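Produce the entire structure from the sequences given, and follow the hints as far as they go.
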Amino acid sequence: MIWNALAIALREIGRNLTRAFLTVLGIFIGVAAIITMVTLGQGATLAVKAQISNLGNNLLTLRPGAGFGSRTASAGVPHFTEKDATIISEQIAGIAAAAPVRTASLSTIYLQNARLSAITGTTPVYFQINKWNLAEGRFFSEVDLRSGAAVCVIGNTVRTELFGSDNPVGVKIRIGKAACEVIGLLVPKGQAGMGDQDDTIIMPLSALQRRLIGKNSEHDINQISISAQDGVDGTALITEITSLMRQRRNLQPNQDNNFNIFDTRQIAETLGATTQLMTMLLAAVAGVSLLVGGIGIMNIMLVSVTERTREIGIRLAIGATAREVLLQFLVEAVTLSCVGGLAGIVLAFGLCAGLAKIIQVPFNFNLQINVIAFLFSAAVGVLFGYTPARRAARLNPIDALRHE
Amino acid sequence: MNQPAASPLIELRGLTKTYGVGDAAFQALKGIDLTIQAGEFVAIMGPSGSGKSTLMNVLGCLDTPTAGSYHYQGIAVEALNTNERSLLRRYALGFVFQGFNLLARTSSLDNVELPLLYRGVSRQDRLAKAVAALTSVGLPTKLRSTPAELSGGQQQRVAIARANVTEPSTLFADEPTGNLDSVTTGDVMELLTRLNLDRGITVLVVTHDDHVATFARRTVLIKDGLIESDVVRP
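Line by line, the protein sequences give chains A and B. Each residue of the first sequence is one higher than the last, beginning at 2 in this note's numbering. Each residue of the second sequence is one higher than the last, beginning at 12 in this note's numbering.
Some chain B residues well away from chain A (every beta-carbon gap over 10 Å; in silico):
no.	residue
1	Q48
2	G50
3	L208
4	D209
5	T225
Stretch by stretch, here's where chain B covers chain A in the computed footprint (C-beta under 8 Å, at least three residues):
no.	segment
6	12-22
7	309-321
By construction, these hints were calculated from the structure, which means they are not laboratory data. Keep in mind the model is a prediction, meaning the values are calculated, not measured. Even for Gly, the Cβ is constructed at its ideal location relative to N, Cα and C.
And the structure:
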């Protein structure tokens with residue numbers, strides 16, 4: 002009887018390919034949409050989390066100006082001094098290291114390749130604070146810093162643009178008006194949301210000041226990177242640094258801070274929450290599209306209900322039992338839903354793999370969402386395919402035959 | 012008249028059918044007593060609204076009576092459940108409707124095969140029997156045609172093939188020529204007569220057309236839900 006129903010159902014699908022196609026289409030699109038959106042959303046969340054952990058834990062960044070927002074203007078606000086960094090690391094307990102950072106944007110040339118690169122002049126502790134690792138060569142040392150050696154460590158983006166896949170270590174490149182030896186290549190951190198972190202050249206602060214841009218003021222440090230020791234309360238630390246800096250910058254009690262401290266943990270939490278929200282939003286949108294797909298299926302099923310009710314009447318009249326007719330409709334609905342669901346999963350897999358590459362987020366196959374989307378769509382298909390049939394099969398055959 | 016020893020094919024006693032309830036109730040059949048023997052060709056006649064179609068639907072187990080008894084080959088039909096009535100239709104009854112009631116977008120062959128499919132007949136037997144049935148109604152060249160590609164007369168002949176492919180004991184025809192012109196009406200009635208004479212199938216035809224009724228040997232006239240006359244032609 003099952004085989005009979007299966008045979009009849011498949012025949013019936015074959016005879017009504019347009020109806021079958023439209024039913025499958027609704028499920029197909031719904032499933033593909035929900036899986037793609039949720040998978041990509043989670044990929045983005047993962048990417049942001051990885052990015053944040055790459056920034057370094059317990060990382061505080063001291064910057065001039067009042068902060069983000071409309072009063073961010075840092076023009077006219079004094080920058081920091083190298084001494085500020087030294088004093089912070091010496092005077093405040095719980096600080097692991099503090100590195101003064103002087104940034105510049107200079108043209109870099111190697112053979113016929115030229116580009117504008119972001120140059121960071123700093124001290125050797127900067128690498129630990131910002132969690133940089135070496136792929137090739139070495140970091141610069143305290144000796145290099147004291148002597149103002151013309152050496153630099155480059156990020157992967159700079160390497161690719163200037164050297165292609167060649168090993169850059171030991172090669173001299175021109176930065177601004179001076180030649181500079183590449184002594185190290187950094188392990189890539191990747192990019193997502195926060196710009197390309199690998200587009201960087203890091204060199205001794207002294208070399209940048211003396212050889213490339215000149216030192217025209219004590220206050221030439223754009224920011225100070227600070228890492229806290231593990232387990233130290235960031236908020237208390239920020240309070241201490243704030244009061245120390247107010248004192249060093251001679252701010253009166255009635256004056257606002259003319260600097261701000263940027264805490265990566267706060268950013269991490271905020272970004273994490275935001276991406277999670279985005280994922281939920283995407284899931285909601287995808288859920289709506291699945292619902293719309295479901296309504297599409299429902300419409301197809303309801304539109305054909307008159308024709309199908311008469312079909313049921315005919316089948317009952319020539320001797321089919323109600324159970325056989327229902328089994329046929331159930332098999333039809335399940336078959337169409339499964340075909341649509343599986344096709345949707347396949348499409349979603351392709352879409353996720355392709356889009357993840359394009360928007361540069363990791364692609365993790367999420368079994369859970371695949372199963373949920375498939376089951377939901379199958380349930381919708383079966384519900385709307387089967388329920389009208391059930392009503393019709395309960396009628397007297399003559400009433401089903403006369404259905405208008 | 013010499014009654015056969017076995018129970019009659021169809022035996023009705025005080026059969027009534029009421030539609031609706033309360034004030035809106037309408038009694039379509041008001042107590043029908045009728046006996047039909049196997050092998051008869053009966054025309055059920057009457058003006059529209061007389062209850063003749065209702066009678067046929069009840070006889071064909073497409074509808075259930077409100078009261079009274081209905082025995083088919085000695086089986087108490089009113090005691091059967093939905094499932095058992097389906098099985099009775101499957102193994103004993105065949106139907107031809109005014110509106111043909113073929114499955115749309117389905118070839119003649121598949122339409123005629125369908126009752127055999129529900130009987131669990133093997134694939135080869137289904138095909139052989141369906142082709143034979145379609146050939147016997149004069150449509151051996153229309154096996155692959157769908158209803159939309161056939162004329163009304165051809166569709167009705169496909170329906171007749173579908174009804175007799177299972178060799179039912181009774182064939183019910185509800186206004187089988189209602190949608191046909193006079194020439195095809197003759198063809199269809201010839202077919203039904205041949206099934207009755209050659210195959211011994213009992214045929215019940217509901218009609219309001221006197222010409223159609225002349226093919227039958229017995230004419231039952233229904234009026235206002237009661238039998239008004241029951242005439243057997245000599």
